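Residue numbers (the working numbering), protein chains in the order written: chain A, 1 to 630; chain B, 1 to 102; chain C, 1 to 180; chain D, 1 to 481.
None of these hints come from the bench; they were simulated from the model.
Don't take each hint at face value.
[Stated by the list, open to error] Under the rule of at most 30 Å between Cα atoms (straight-line distance), these lysine-lysine pairs were calculated in the DSS-like manner:
no.	chain 1	residue 1	chain 2	residue 2
1	A	Lys-165	D	Lys-369
2	A	Lys-374	A	Lys-555
3	D	Lys-369	A	Lys-112
[Said to hold, decoys possible] Derived Cβ-Cβ restraints for the label pairs, each shown as a range:
no.	chain 1	residue 1	chain 2	residue 2	range
4	D	Arg-63	A	Met-589	26 to 34 Å
5	C	Val-71	B	Trp-55	34 to 42 Å
6	A	Ala-592	D	Asn-362	22 to 30 Å
7	C	His-30	D	Phe-159	35 to 43 Å
8	D	Thr-59	A	Ala-592	58 to 66 Å
9	D	Pro-229	A	Pro-238	56 to 64 Å
10	D	Ser-181	A	Ala-592	25 to 33 Å
11	D	Leu-447	A	Glu-282	55 to 63 Å
12	A	Trp-593	B	Trp-55	26 to 34 Å
13	A	Ala-592	D	Tyr-184	31 to 39 Å
Owing to the predicted nature of the structure, the values given are computational and were not obtained by experimental measurement.
Glycine included, every Cβ here is placed at the ideal spot set by N, Cα and C.
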Amino acid sequence: MSLLALLPFYPLISFLILISFGKKLSWQLASTISIGAMLLSAGSSAVLINQLGNSESQLITAHLWSWFSLTTTQGSATINVAFYLDALSAVMIAVVTGVGLLIHIYAAAYMKSDENFSRFMAYMNLFIVAMLILVLADNLVLLYLGWEGVGLCSFLLIGFWYQEKANVLAARKAFIVTRIGDTSMAIGLFLLFKSLAQLTIVDVNQAAQLSWKIGDADAYWIALLLLGGAVGKSAQLPLQTWLPDAMAGPTPVSALIHAATMVTAGVYLIARMHEVFLLAPEVMTYTAWLGALTLLLAGVAALAQHDIKRVLAYSTMSQIGYMMLALGAGAWSAGVFHLMTHAFFKALLFLTAGSVILALHHQQNLFKMGGLFKKLPVESLLFIIGLYCLVALPGSSGFFSKEAIIAELWSSPTAGQGLWYCAILGALLTSIYSCRLFFLAFLGKARGNSNLEQHQDGHQENSSQGHLLRLPLILLALLSLFGGLISLDLSSVFSSAIATQAQTNFINEPSWLHTVAIVTPFIGIVFSWFYFKSYRENSCDNIKSSTGAISTFCKSGLGFDRLYQYVLVRPYCCIAKINRRDIIDQVLMLSAWYTKLWYEVLSASQNGSLRWYAAVIGIGVVGLAGVVAL
Amino acid sequence: MTTIALTHVLILASILFVIGFVGVIVRKNTLFMLMSLEVMLNAVGVAFIGAGSAWQQADGQVMFILILTLAAAEVAVGLALLINMQRRYRSLDIDILARMRG
Amino acid sequence: MITINTLFYLSGLLAIVASIKVVTGKQTIHALLYLVVSLLAVAVCFYLMGAPFAAGLEVIVYAGAILVLFVFAVMMFGLAQDEHLHAPKHGAGQWLGPIFLSVLLLLVLIIAISNSEIQQVLIPKVIDAKDVGILLYGPYLLAVEIASFLLLAGLVSGYHYAKPRQAMQSDDNFQVGDEI
Amino acid sequence: MMITLLMVGLLLSGALAWYVEGKKVHSARWVALVSTVFLLVYFVLSIIFSSQQNYSELTVLTRVTWIDAFHIEYALAIDYLSIVLLMLTLFLAIICVLVSWHEIQEKAGFYYFNLLAAIAGIVGVFCAVDLFLFFFFWEVMLLPMTALIAIWGHEHRQFAAIKFFIFTQVSSLLMLVAIISTAYFHYQAVGQLSFYYQDWLALDIPLELASYLMFGFFIAFAVKLPSVPVHSWLPDAHTQAPTAGSVLLAGVLLKTGAYGLIRFVIFLFPEASHQFAPVAAVLAVVSILYGAKMAFAQTDFKRLVAYSSISHMGFVMLAVFSFNEIAYQGAIVTLIAHGLSSAALFSLAGMIYSRIHSRDLNDMGGFFKSAPRMGGFALAFAGAAFGLPGLANFIGEFFSLVGAFSAFPVLVVFAAFGLIGSAIYGMVLFQTTFQGPATATLSDLSLREIIISASLLMLLIIFGLFPNIILQYSHYIGVVL
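The shape of chain A in the complex, shown without the other chains (with noise of 0.2 Å):
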């Protein structure tokens, strides 16, 4: 077997160990399991994407089983379970593998005293299984299995405190939404097997190719259908309700599942299949309209939020926006770019809020912090750099993947103008928001009575947990500090879309755009630092987050969630309780009633008593004699 075939494997197996025997195992041996397994893996994808670089075709493929076949009349379409390494691939084993191995180590740590760790370090293992089958899967339904089994490991893990009620139904309502989305798709996939007879992605996107036009209806639609899917997964507009909700998970899970890998498949889908949208303009307009809207609509709502994790979740929102709107540019290289380096440093921000929490005693809540700078500095200075690289203030990754989205914005055939104007002002807002949360977070006067120093003294005895704890997390800063400098080669992938791009690349760009776009986080900062100055220097034990309407509406992620309760969920709920007892049933069952009511009549009739009878002979007579009579 080669190792490509191997790698989901090595956590596959991991998995079904400590579920088979999870409650025997130390922790000690359960987390060497999982981050064993883990270790594997992110050791083959290097030496994957090392053997990638030297090979010639740009590709690795592994064939595992013939899953099925879908015989047609324009004959039989085999569906393997096949595995398929190209650059864009390379980037997200990359990131699932290496973001998701520290992300082990840091959750080893930070789970350490649950009484159910193994079955976390199992679910976790899990995901990275079927995350990794998403984003090597050789054909569509392949991609579909690791596509829902992300959604499940993201359930199993959002609802992993399960006796809350609360997380409960967030998990639930994850999983519902990204099943609507889910389900845009398996339709998508439908139509493209009806019209392709293909699921194959090379034999898809070749057979796109040479079958439709630009414009075509069928590309149309089918790219329609397959960014519902995207939406769903990567909680882009309309779907992204589910998002905020899902943080009721633990932190790792927010940092692994929901910033840096999970939310990205709609992502890697769209640029994956960038063939079928390239023959779908309006589409890709679409997408980049939704992305943009969901860019602001999350950055405002970002700006209301009172939990430090729920600040971060918009963030990964917007942020998400943003790759949806290179993508919809065409900008696709920067779109996988932004997607890396978003990962790193997302992750990086998430598991240093975790360890906050941790340290705070599971205090999420921003107007109870502050003044942790001095509390926790190497923390802090962790989270600096974090935002740093999520302003994408210059020198950063996220500044060179985010310019060079916005750089690509003003002059895409599919994008243009108006959507650079919303990069911009999604830039403007990021930097305002993450200003507020650090100034919230980590300066001015501690809130609350969170008794820190106690904790501190518990956390130097658990030394080899601080360390694990800290070691990812500089591993990740090093990342996103200087993840901008990897240069990412997806010309092999994206050829067909740089085709295209090229004859249309010569509108004139005014030269202040680039100039505009570094400067708008700076201006973000400035404007911050007097605006929420309160925030900053407060000297008071209580700040009042404001309740205004516009701030609760913001807080509310913009209503969205009202609004589905009421044109969506309690209909259906409604129609659901008056139905309980099936009307169909019921009306089946008059039937039954109609006879029943005959038998009561009769039998009442039929009632021994003599004199009864002898009055029901005399009305008979009477009856009769009147007929005869009259």
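Using the hints provided, position chains B, C and D relative to the given structure of chain A.
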């Protein structure tokens, strides 16, 4: 000798019959039901005799004799049943026997 | 002036009143006596209609034999408490329905009778026992035989049902009768 | 001979179980277990080592005259469709015996006799090619099933049993009328009465008559399948039946409806079915969505699963009536997968019932804490119910929908909403029982229960990852279609 209108005879028979019938329906006492039954049978007899004399035929009286035997047999069986019932339920209330419900 | 007609109407009226007393009576013995009266009145009617044989039978068999049977049976019961318990209540509601029904029946019968073409006049001719006997043992012989069987059946079943219980229980064949 | 032996074996071992239970308590279940295992092994071996290796076409095994006056024959034949369903039946027979192990304490001997007799009837249904014989077996399987519900069921068992009986009986009378009419038509056309399947295939029935005849068959099978609007016997019967009864009903009995649709409705009346297909497809989609929605509304564990069965069988009907090889394969895989997954869910319901003596979801919650193994299996089976890829149900639904898409694209889009609906009820089922605050402490699975759950899950995973095991057989009949 004046004649009696057949109509009047039949009306008499009807009245008697109806009285008996009302008795059967209304009375709960089985003995009274039996007596009412006798009244009804008797009314039928009146009708037969009346008809027989109207047509100057003896058949009406033959029928009356048959009704008489019927009444005798009926009373014999009925009273025997009543004795049995009285013995068993210490009552002649017919509704006690209304156990044979549909 | 007393004619056959007036006699007939009088006795008919008597029969009706007596019958009403039978049906509405409270005391069994009184009711039985009213029944005798009623039967006798009817017997008078029979005679007036030219059927002396039937009138005789009415008096002898009905008023004589059957009613005596009744009286004996009533004497066996000892119905003191039963009479008291199950006497008809004097609420009008209880009577209203049956009376309405009966009146209706009566009306219908009267209409039926008046509509048909049997409105002949009775020709007074006495049909005596001889005529009846000739007919009875001629064309109606079979009916007579059947009537005799009927009487036999009445005898047997009357005996059976009126038998004391101990005797019945000893006899397995009469388990069904035991249920009654 | 093979199938006859199988049926006789089932009946005899049932009778034996009945007899020995009278001699020694608890011996009946051992007899039943040994005989079902033995018969499954016997059947598998005799298929593998039979002289004829290829059952891609209907192969007549036995054909002797039964009632000479009407030319009714005792004719049995199998092809891969029957073989696959027979294996499912015999496998689930073992599961049925295992799930009733401790549950049935009263009249156990008679219980196992009924169970095995019902299975014998089902085996007959899957093999009979004389239509009168088919009807005979159809009734044979009905009676013991009714007895199972009526005697060993839950609180409203009499009602459920009578409802089940009346629904199936009335519909099968329609089928009887259709059978006799077709036989009479054969008499008019050929000059001889015949109930023989192959004779009927050769008949050329005028379209108008064929539509009526097809409708007669269709009603009977639609009730059994079941399809909205004649589904309402199913929730009651499934809920009230004992665990093994539910397993048998959902796992196998519903499949006889699908089998009948394929074998008789589609093959005997192809043109009429083509004409009828849009109506049937709409009914199927309504079943899918309605079943999913109703499942969501239930508070009774077994009732929820019962409604989900209606939803899944909608996929089968949609696939069968889209006249497409892929869809057809999907229908067969769905039959198998649903047989396994619903059997698993009903077994699970039985296991929970044996612990907390309630089927009400409001009484459940947080079982994961005390019974994590059970929770894991429950999640896997719920996943199978909502079509998680990697499990057999996904293959079935995917094939059905892909195949049906070419025939009814719009309807398939609506049917795909059933995937969302199934996710909703699957989540409700799993989360209300196993997540949330713990309401009770359960003992985790016993060895017997682990064997039941693990064997079902193993098969689901194997068929999900290597569906070619089934597809290679279903392929043959798809080609015929």
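Each hint tested on the structure:
1. With a CA separation close to 14 Å, the supplied pair Lys-165 (chain A) and Lys-369 (chain D) stays within the 30 Å bound.
2. A distance of roughly 29 Å separates the Cα atoms of Lys-374 (chain A) and Lys-555 (chain A); the hinted pair therefore holds under the 30 Å criterion.
3. About 18 Å separates the Cα atoms of Lys-369 (chain D) and Lys-112 (chain A), which keeps this hinted pair within 30 Å; it holds.
4. Taking the beta carbon of each, Arg-63 (chain D) and Met-589 (chain A) are about 44 Å apart, not inside 26 to 34 Å as hinted.
5. For Val-71 (chain C) paired with Trp-55 (chain B), a C-beta distance near 37 Å keeps the hint of 34 to 42 Å intact.
6. With their beta carbons about 28 Å apart, Ala-592 (chain A) and Asn-362 (chain D) fall inside the hinted range of 22 to 30 Å.
7. One distance hint, 35 to 43 Å for the beta-carbon pair His-30 (chain C) and Phe-159 (chain D), is violated here, with the actual separation near 57 Å.
8. Take Thr-59 (chain D) and Ala-592 (chain A): their Cβ atoms lie about 44 Å apart, and the range 58 to 66 Å is violated.
9. Distance hint check for Pro-229 (chain D) and Pro-238 (chain A): the Cβ-Cβ separation is about 34 Å, which falls outside the suggested range of 56 to 64 Å.
10. Under the hint 25 to 33 Å, the C-beta atoms of Ser-181 (chain D) and Ala-592 (chain A), about 29 Å apart, fit the expected range.
11. At roughly 60 Å, the beta-carbon separation of Leu-447 (chain D) and Glu-282 (chain A) lies within the given 55 to 63 Å, and the hint holds.
12. A hinted range of 26 to 34 Å is violated for the C-beta pair Trp-593 (chain A) and Trp-55 (chain B), which are about 58 Å apart.
13. For the hinted restraint 31 to 39 Å between Ala-592 (chain A) and Tyr-184 (chain D), the CB-CB distance of approximately 33 Å keeps it satisfied.
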